[in-house]
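So the sequences go chain by chain: R and L. When the letters of the first sequence are read in order and numbered with the numbering used here, they come out as residues 1 to 110. When the letters of the second sequence are read in order and numbered with the numbering used here, they come out as residues 1001 to 1114.
Don't take every hint at face value.
Here are the computed lysine-lysine pairs in the BS3-like style, where the Cα-Cα straight-line distance is at most 30 Å [as the list claims (entries may be wrong)]: (1) L:1013 - R:97; (2) R:107 - R:56; (3) R:56 - R:69; (4) L:1057 - R:26.
Reference excerpt, derived from the structure (chain R facing chain L, CB under 8 Å, subset only) [said to hold, decoys possible]: (5) 13; (6) 33; (7) 36; (8) 45; (9) 97; (10) 102.
Hint data in this document are derived by calculation from the structure and do not stem from the laboratory. Just so you know, these numbers come straight off a predicted model, no measurement behind them. Beta carbons: idealized from backbone N, C-alpha and C, even for Gly.
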Amino acid sequence: SQQGEEDPQALSIQEGENATMNCSYKTSINNLQWYRQNSGRGLVHLILIRSNEREKHSGRLRVTLDTSKKSSSLLITASRAADTASYFCATSSGTYKYIFGTGTRLKVLA
Amino acid sequence: KAGVTQTPRYLIKTRGQQVTLSCSPISGHRSVSWYQQTPGQGLQFLFEYFSETQRNKGNFPGRFSGRQFSNSRSEMNVSTLELGDSALYLCASSPDRGYSYEQYFGPGTRLTVT
C-alpha cells in the first residue's frame, strides 16, 4: 500500500495564484521529499525536509512537515503555466527505500 | 554532468518474453533505484543497489530482478512478461550521503506488453 497519500488528487488554478497540496503518511520517517513529474517523464527533485525540520523554502516553494500529524504540505506561490505537472511526496524510513504517494495533478491556466 | 540515462526509451514485447532495461547513473553516484509507474498503482519501488549489492527490494515477484555493475550501471530484467507489466520503468541515482539524499531520475523506459 502507498505510504503517502496526496490531497487533492487534482487541482486547477489560474496563473498567479498559489497552489497547496498535502501529503499524509503512515509510519515514522527519516525524511520527506517532493518531486515534480511532467507528463510521463522522469521525476525532478524539488525539496527535501528532514524529520527534525518543520519548514523549508526554495524559491517559490515552501514545504512544511508535521510529524505529529504525519503530514506535509507543498505550497507553490505565484504559479506559472510551466508549473503544470504532477507532484509527488516520497518518504524514507531509513531503509534505502523511498515510498511515493499517489500524486497531485496540478494544472495552471494561463 | 550528464544526467541519468535509460535505454531503450520505448519497448514493445509479447506476453511470455523477457526484457532487460538499462540505466546509467550520474557519474560518481553509486546508488541506483528502480521504480515501476502505472496509472493504477502509481510509483512502486522495485529495488535499490549500491556498490553491486542489493540493499532493499519492494514487493514484486521473483520475475523482476536486477543487478549493478562495478561502474554503477544497472540493469533490471523481467522474465515471463505479463500484460500487467506494461508500465513506465524509472531509474534513479543518488550520491548516497546516508539516508537523506535526493534522487535523480532518468526519463524512463516505456514498456508495453501485448
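Interface hint for residue 97 (chain R), Cβ within 8 Å of any Cβ on chain L
Holds: closest Cβ of chain L sits about 4 Å from residue 97 (chain R), inside 8 Å.
Taking the least C-beta to C-beta distance, is residue 102 (chain R) closer than 8 Å to chain L?
Given a least distance of 5 Å, the restraint on residue 102 (chain R) holds.
Per the CB criterion, is residue 33 (chain R) less than 8 Å away from chain L?
holds (6 Å)
With a cut-off of 8 Å, does the beta carbon of residue 45 (chain R) approach a beta carbon of chain L closely enough for the hint to hold?
Holds - the Cβ of residue 45 (chain R) comes within 8 Å of chain L, reaching about 4 Å at its closest.
Holds or violated: the hint that residue 13 (chain R) contacts chain L, with Cβ atoms closer than 8 Å.
violated (23 Å)
Agreement of residue 1057 (chain L) and residue 26 (chain R) with the hint, judged by alpha carbon distance not exceeding 30 Å
holds (19 Å)
Under 8 Å is the threshold here; is the Cβ of residue 36 (chain R) close enough to any Cβ of chain L for the hint to stand?
violated (10 Å)
So if I understand the rule, the pair passes when the alpha-carbon distance is 30 Å or less; does residue 1013 (chain L) with residue 97 (chain R) pass?
holds (29 Å)
Is it true that the CA of residue 56 (chain R) sits at most 30 Å from the CA of residue 69 (chain R)?
holds (17 Å)
Straight-line alpha-carbon gap residue 107 (chain R) to residue 56 (chain R), limit 30 Å:
holds (24 Å)
The structure fails to meet hints 5 and 7 from the earlier list, while all remaining hints are met.
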